[in-house]
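If you're matching them up, the sequences are chains A and B in order.
Each step along the first sequence adds one to the number in the numbering used here, with nothing skipped, and position 33 is 33.
Each step along the second sequence adds one to the number in the numbering used here, with nothing skipped, and position 378 is 378.
In short, the hints are calculated from the structure, not lab data.
Note that CB positions come from ideal geometry on N, CA and C, so glycine has one too.
Honestly, I wouldn't trust all of these hints.
Stated by the list, open to error - Reference excerpt, derived from the structure (chain B facing chain A, CB under 8 Å, subset only):
| hint | residue |
| --- | --- |
| 1 | 262 |
| 2 | 265 |
| 3 | 283 |
| 4 | 287 |
| 5 | 332 |
| 6 | 333 |
To be verified - One side only, chain A facing chain B, incomplete, derived with CB under 7 Å:
| hint | residue |
| --- | --- |
| 7 | 24 |
| 8 | 26 |
| 9 | 100 |
| 10 | 101 |
| 11 | 133 |
| 12 | 134 |
| 13 | 135 |
What follows is each chain in one-letter form.
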Amino acid sequence: MKKYTIVLLLLIAGLTTNAQTATKEAVIKVTGEVTTPLTIGNAEFQQYKQTTVTRKDRDGKDHTYSGVLVSDILGKAGVTLGPELRGENLAKYLLVEASDGYQVLFALAELDKGFTDRTIILADKVDGQPLVPADGPFRIIVQDEKKPARCIKQVTAMKVMFAK
Amino acid sequence: MKRKVKDNHEIKHKQSSFPRTGKVYLVLCLLFVITGLTAYTGTEPVVPMGDYVFNYPANFGNRINVPADNPTTQQGVYLGRLLFYEPKLSATNAISCGNCHQQSKAFTDGRALSIGVNNGLATRNSMSLANLLWARKFFWDGRAASLEDQVLFPLTNPHEMGQSIQVSVQKLSNTKLYPGLFKIVYGDSTITGDRIAKAIAQFERTLISANSRYDQYLRNAYKPTGDELKGMELFNRGPDPEKGIRGANCTHCHGGPKTYLELFHNNGLDSISKDEGMAAFTGLVTDRGRFKVPTLRNIALTAPYMHDGRFKTLDEVVDHYSEHIKQSVSLSAFLQGESNEVGGHSLKLLPKEKKQLIAFLNMLTDSTFITDKRFGNPHQSTKN
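With the rest of the complex left out, here is chain A:
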């Protein structure tokens, strides 16, 4: 009986470990020149105001991406946007990193509606469906940008920094 209990315990332990390594939730860390560092998972993401952006994908067709304004996330982290985006703060940029190590950057002014009407969002859905695993769960979508290179997939980190 004791033997079976040990086997059972080992099995449970094994399953738990497996679950830990296989099903951890993907999150985005927001760090750098912020007043409040953030960790955004799906639950946090859904608390932001949702919006949509339409852009052509590689298939040449328009697709509707839905998600959250990047400026809303940075605003919550206390990044110097809006009236504070002047003077030396214009030398700040956002570096976005994906799980494959790919990085792209945006000047803060590119993200601020006081400077531009172009919308840059962090999307979690395309045409109403969650992004496929190779693209998601979170992807930057840059409205109207001709090349898709900055529509970075599988985002894991957003860091605000001063240009040195």
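Based on these hints, arrange chain B on the given structure of chain A.
Only chain B this time, still in chain A's reference frame:
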């Protein structure tokens, strides 16, 4: 600026044989003069001193990675090179870093998995050490953030060099050579694991490969053959069959003059990877079987290929990308649906195109890098 150390190393001592002829007197005279001259110029080896200046082409870019607490100095590189080739850092006194990272093979060892102390096998393929000055994440799974952190793993891993840092420190402290060198580099003769790692890292950053035929082509000093040019075109282009553009899309991961971008991908080797790759520490399903995209520098010299050394030849590697990509939830997006055929699921390169691609890959061999005396074993003429 140079400083002398008392111990003899890196100096060749050749025994002269004396011919038994009537000219022995003349020979003795000559020897006397030579000895005198040698004494005058100094037999003691000199340690170069001062900041180390990295030389590399402007098109490599300046996004280099040197930690603020380990600036590169000539004396540090000198010590690091001796330590890189120092078998005393292994449990059996028989294996140094240079065993699994041989200069003639662009600092790999030709094995699928390297053999460590007690014939133990390393878990992944030995990586080429070239242009690490620009790397920011190390190991096949990118888990180390600096060369200094990376170095300590193979030194102590029971399947690699298998010796605790404490024992290594003790062994080096008991030599005539090392305490004096540590004093020159660090200001006092204390030997620590941290200082060992820092010196080796300094040496490794100097391993710059920038004179392949491809580099020469980029600076207008080499005219490629027709096959090389065609291979280069395939290498650089993504396929677009509807526009009649054929390509192998290699630069997506291996782009730029260094043929290295710091990326990590699941490249479709298995539908369920036995090796978890990055997922072992991120815990993400999409990181399973995800590994570092290695540099293609000297790729013709660094067989076998992939994290587990499963492919023996470049033909097998190209065949993999052309026809054998395995689908899985973690397969990278750029390998899905990329094809030279309309509606195709894999690249489908023609046999001739594969040969052209490999002709280009051979352009990445840098023969000056693998014969550069500054990177070779300094102990071959040393008694320490």
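Verification of the supplied hints:
{"no.": "1", "hint": "262", "verdict": "5 Å, holds"}
{"no.": "2", "hint": "265", "verdict": "6 Å, holds"}
{"no.": "3", "hint": "283", "verdict": "3 Å, holds"}
{"no.": "4", "hint": "287", "verdict": "6 Å, holds"}
{"no.": "5", "hint": "332", "verdict": "6 Å, holds"}
{"no.": "6", "hint": "333", "verdict": "4 Å, holds"}
{"no.": "7", "hint": "24", "verdict": "3 Å, holds"}
{"no.": "8", "hint": "26", "verdict": "6 Å, holds"}
{"no.": "9", "hint": "100", "verdict": "5 Å, holds"}
{"no.": "10", "hint": "101", "verdict": "5 Å, holds"}
{"no.": "11", "hint": "133", "verdict": "5 Å, holds"}
{"no.": "12", "hint": "134", "verdict": "4 Å, holds"}
{"no.": "13", "hint": "135", "verdict": "6 Å, holds"}
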